[in-house]
Structures are given as structure tokens and as C-alpha cells.
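Engineer: Chain D is fixed; fit chain W onto it per the hints.
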Amino acid sequence: MSSGTAQRQGKLPSMLDLGISRIGMELTIYRRVPEQVVFGFAYPLIMLAIFGSVFPGTIPHTDVRYQQYYAASLTATGMMTVGFQSVAIGIALDRDNNIIKRLRGMPMPPMAYFVGKIGSVLVQGVAQTALMIAVAALFFHLHVPSDPWHWFTLVWVFLLGLATCAVLGVAVGGVLRNGRSASAVVVTPLIVLQFISGVFFPVTQLPRFLLDIGAVFPLKWLCQGIRSAFLPDDFKTLEPAGSWEHPMTLIVLAAWLIGALALSVRTFGWRGQDEH
Amino acid sequence: MPARQDRVNHGRLSPRSAKLVGVTDIDSARAAEPAILVRGLAKRYQDVTAVDGLDLEVRTGETFALLGPNGAGKTTTTEILEGYRPADAGEIRVLGEDPATADRRWRARIGIVMQESRDIYELTVDELLRHFAGYFPAPRPVDEVIELVGLGEKRGSRMTRLSGGQRRRMDVALAIIGRPELLFLDEPTTGFDPSARRQFWELIHQLKAAGTTILLTTHYLEEAERLADRVAVVAKGRVVALGTPAELGGRDRALVRVGWTDPDEGERTETTAAPTKLVVELAARYGGEVPGLRVQPPTLEDIYLELTREGDGA
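Protein chains in written order, with the numbering used here: chain D, 1 to 276; chain W, 1 to 314.
These are calculated hints, taken from the structure and not from any lab test. Just so you know, even glycine gets a beta-carbon here, dropped at the ideal spot from N, CA and C. Take these hints with a grain of salt, some might be off.
[Unchecked claim] Just the calculated beta-carbon pair ranges, DEER-fashion:
#1 W:T160 with D:R266: 47 to 57 angstroms
#2 W:P141 with D:P110: 22 to 32 angstroms
#3 D:D17 with W:A246: 46 to 56 angstroms
#4 W:E116 with D:H246: 42 to 52 angstroms
#5 W:E147 with D:R177: 37 to 47 angstroms
#6 W:G164 with D:P207: 48 to 58 angstroms
#7 D:A262 with W:D88: 27 to 37 angstroms
#8 D:P110 with W:A89: 52 to 62 angstroms
[What the hints assert, rightly or not] Looking from chain W toward chain D, a few residues come up when the C-beta cut is under 10 angstroms (computed):
#9 D103
#10 I110
#11 Y135
#12 F136
#13 L174
[Said to hold, decoys possible] Residues of chain D placed beyond 12 angstroms of chain W at every Cβ, according to the derived structure:
#14 H61
#15 M106
#16 T129
#17 V144
#18 S183
#19 P189
For reference, chain D alone in the conformation it holds in the complex:
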């Protein structure tokens, strides 16, 4: 029983080692699926190119260009697609393809799987947001913040927002029982949400009741938070509440994060469909 002896002596790799190894693997797989890169990663850039070209002027009664507005809001949308959409669909597909079942048969702590998913999303999110800001600053008149306060706002909204989206993705991906229908279930509500959260239509042009519905969901707060980092300070008077509402943004995003965490812990099905 040489193998048994060796394994008692050998040390099992730590959860963090395995989590980091899984981040690397998830990113490698991600890079190799061109449709994911084009439709997931490049989605906000494509939308920015379209909206930025269709609306070259300024938003009425302001000095803010539509291009600046869309650049900020679409950066937030990108975080939602990278964080929420790709995690939820990815987990549903992992379950469909028996990948989750295989992992359960391996000496892997479950947390390493989530570290892999969320870590790879963080890397994608940083890359996508940096690219968005660079392209928007070069071609669409976006002003990159010059003072630490605005950078601070950008960083906390980005980190909290992306974490909320990713954990929400884990919660929804854990409930979905079918990878093939996952795209429809996840993508369609997200498109509706983009209409009522001030992504496609500026908040100044949306009816009050739609804004109120949008305010229940995290995307509206994510957009508003990112706008507060990039748009001139006077723009806040045109926001639904007449201010940037940073405390409220923090509360709503944190509430969704905690709710999604609780839901993930309760509903995540490691066994998949094999419990008859």
C-alpha cells in the first residue's frame, strides 16, 4: 500500500492554492471561447460605439454629452454581464456537463470552486472596465477623474458592485437546473433591466414609475455610482433623487450581496439532477 503511505505523508493543497489554480483554469477556458469574449467581454464596448455614434450631442439642460453618460452607464452594465451573466450561465453549464459532479468526486473544498469563479470574474471585470475607460476617454470625451475622492468612489462601487453581481450569479446559477435554458432565463431580464435602470435611456428621460421599479435592482445603483465617479458634480441634480445617494447605493448593493450569499448557501445544488 505504497500509495496510502505516500498520501498520509503528502499534504493536501490548501483551499487558496486550489482556488488560485481554478482561477487560472477558468480564465484559460474563457479566453478560448471566442463567442464569450465577443458577446460578453466586448458587449459594452460595442454598445458604446453604437450609442456614442447615434447621439453625439449633449443631454438637454446640461453640459454632459450623451457619450459621457453612456460610457459611465455601460461600464456598469459590463460589470453586470461579466459578473452576473457569465457566472450564472457558467455554473448552469458546469452542472449540465457534470463538471460539478466530477469536482465533488475530487479532494477539493467546495469554496475553491467559488474562488475560481469569482476570482476569474474579478480579473475579467478589471480588464473590461479599464478597457472601457480607456476607449471612452480616447474617443467619447469621458473625463478620467483627477482627484482621489472620485477614484475612491470608482474603486468601492466597482468592487462592491462586481462582488454583488458575481455572488448573485452564483445564487441564480445554483438554482438553474438546465444549462440550455440558462441563457434565456438570465439574459432576457438583464436586457429589460438595462432599459429601466438608465442604461439605454438616460434617467432624465425615464418616467418615474419605471425608475422606481429599476431602483429595486442593483443595476440602477451600479450605474448611478459609476456616473458619480465620471460625470461633473452638477449632473447629480438630474438624478432621480437630486443627489448621488452614495449611502443608499452602499445599502442597496450590500443588501443584494448579503441576500445572494444567503441564497447561495441554501440552494446551491452540488448533486445536480442525480437526486431522483
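Structural biologist: Okay, now just chain W, sitting in the frame of chain D:
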């Protein structure tokens, strides 16, 4: 993961040399204890009883086959032993632990080839094995595993470009990368062509020679006969027969069918407990050579069909 490769030499001793080098108390205790011990296992799904008081003992180092019709409870039993499903009742020890509560260290000692795997990865054979090797404290070297499963020419190919048979060999590769003491194979060769099946059997023989305990579930009786030291036939969630492939269900004592072609009467067959006597008589009758002589002991299939006949309605 490369950092972990330096530990792999720990377990390279063959089982035989390990015994010569000196066996620890724990090792001798383990050798005495069966790899799998199951008493009175039961599992129900709503109103269907999948496993109904099943007993099983698999000795360390042995290759043990579970045979039985679809729905007999083979996969449910296997998945309970692998720790995928909880049992409703029964006493279960796998490598000395209860799979339902076993930890990562226990998981590192078993290898699983699932009945159905659909992993589709945009990773190469080499990359995927290197990744999963990093999960284990003392993995087999990746090159050795690739060689063992015969995927040398495909090591740089992505999983999405492998044939069905190659994918199945990759399943085995992933199951043995951690150098398991106990390997579960659930219908490993379903859908293989005859030559792929033979290559696969050769691989299992090599793992067996290296001291791996194997629990094999299969529909193919020839496979059980070629690979298994002992066979259990499962029907309606219970073991209905247990033995070596040669003696299962009284096969060694069963009647033998002797057939020949009579010049006048045509095809003749007779079943007898004394085939040698009959052949000698026939030789005398035909004056030496018996025309078209065939002596057929019951096949494992005959015995199996006999044993599982009552289970057909299930």
C-alpha cells in the same frame, strides 16, 4: 501545480516492494480490513426501492464486478459508496470510513469513473491532467498517466476534439491521476468498439497489477469474466449470486451441452453432468472421430440470465 510535481516520487514503490520494505501497523491493519464493506444497504426514491438490503465485501487489491440488469441498483450502490448520495439504511465502510461523512483526505484515496461524463473543456489533455494533479498530495506523473491510458498522440489536443473512446480513456486518466487505492468504474466501456474495449481491459490489468482495488459495474459479461476476481449479480437491489466468474451460480457444476452431427439424424444435442463419458461413448459409436462435435459449458451469460430472470419485470 508544477510545484507539486516534486512530491510525486513518494508513492512509486510497487505494492510488493512496499511490503518488503516494512509494513507499518496501520498498513497491516488496512490490508486485513476489506476495501469496501457493506451490510444491509437500502435506498429509496419516493416509491421506488433502488437498493434493498444489499451486502458487499470487496477485498483490498481485488477487482470486483457488479453485474445486473438496468435498474438493479448498481449505479445507486456505487454512488453511495463514492459519497455522492446518502444511504437510507445500512452499514458502509469504504477504505475504513463512512463515505457520507468522509473528508478530503479520503477523497484523495479514491478514483471515480462516472457512468456518464460530459465535461467539455477547451483545455488540452495535458493541461487538464496537470490541473487536476494539483488537487492531490501525491499524484502520478502526468506523462506516466498519459502513457498508461494511451493518449500520447493526443496530449496536445483539446478535450473537445477527442473521440468518444478517447474521452472515456481521459475519464480513467482523471480518475487515476491521484494514485487512488480504490477505483470505481461505472460501465466504463459502454459504446466502445471491440478493439477499444480490449485496449481498455489491458489498462485495467495494469492498474490491478499495481495494487489498485477496483469496483467495476458493467453490462458486459465478457468484461466481468476477463477482469474480475469475483462477481456479484445484483437484481432488485440485492446480491443474488456471488463468486468467481468460473464458479458463479454453480457454473462449474452445471450441466454441459454436447452437440454433434449424426449422418442420418442431423443435429443432435444432449445435456449431461458427465460430458467426458458421453464423448467416449460417441467416439465408440462413430468409430473414432465424432462428426461436428461441440462441448459447451454454460456461458456466464446463461448463468446470468438464469439468475436475473425473476428481475425482468423490475
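Engineer: For D17 of chain D and A246 of chain W, compare the CB-CB distance with the range 46 to 56 angstroms and indicate the outcome.
Structural biologist: Check passed, 49 angstroms falls within 46 to 56 angstroms.
Engineer: Answer holds if the nearest beta-carbon of chain D is closer than 10 angstroms to that of I110 of chain W; otherwise answer violated.
Structural biologist: Constraint on I110 of chain W satisfied, holds at 8 angstroms.
Engineer: Look at the Cβ atoms of A262 of chain D and D88 of chain W and judge whether their distance stays inside 27 to 37 angstroms.
Structural biologist: 30 angstroms, holds
Engineer: Under the criterion of a CB-CB separation shorter than 10 angstroms, is D103 of chain W in contact with chain D as hinted?
Structural biologist: 9 angstroms, holds
Engineer: Under the criterion of a CB-CB separation shorter than 10 angstroms, is L174 of chain W in contact with chain D as hinted?
Structural biologist: Check passed: Cβ of L174 of chain W comes within 7 angstroms of chain D, closer than 10 angstroms.
Engineer: Interface hint check: Y135 of chain W, Cβ to nearest Cβ on chain D, cutoff 10 angstroms. Holds or violated?
Structural biologist: 5 angstroms, holds
Engineer: Does 52 to 62 angstroms hold as the CB distance between P110 of chain D and A89 of chain W, or does it fail?
Structural biologist: 27 angstroms, violated
Engineer: Has the hinted range 48 to 58 angstroms been met by the Cβ atoms of G164 of chain W and P207 of chain D?
Structural biologist: At 56 angstroms between Cβs, range holds.
Engineer: Does the Cβ-Cβ separation between P141 of chain W and P110 of chain D fall within 22 to 32 angstroms?
Structural biologist: Distance hint for P141 of chain W, P110 of chain D holds at roughly 28 angstroms.
Engineer: Test the statement that H61 of chain D is away from the interface with chain W: the closest C-beta pair must be farther apart than 12 angstroms.
Structural biologist: Non-interface label stands for H61 of chain D: nearest chain W Cβ at 50 angstroms, farther than 12 angstroms.
Engineer: Examine each Cβ of chain W, and state whether all of them lie more than 12 angstroms from the Cβ of M106 of chain D.
Structural biologist: Check fails; 5 angstroms does not lie beyond 12 angstroms.
Engineer: Does P189 of chain D sit more than 12 angstroms from chain W, CB to CB?
Structural biologist: The assertion about P189 of chain D holds, with a minimum of 27 angstroms to chain W.
Checked against the numbered hints above, the structure breaks hints 1, 8 and 15 and satisfies the rest.
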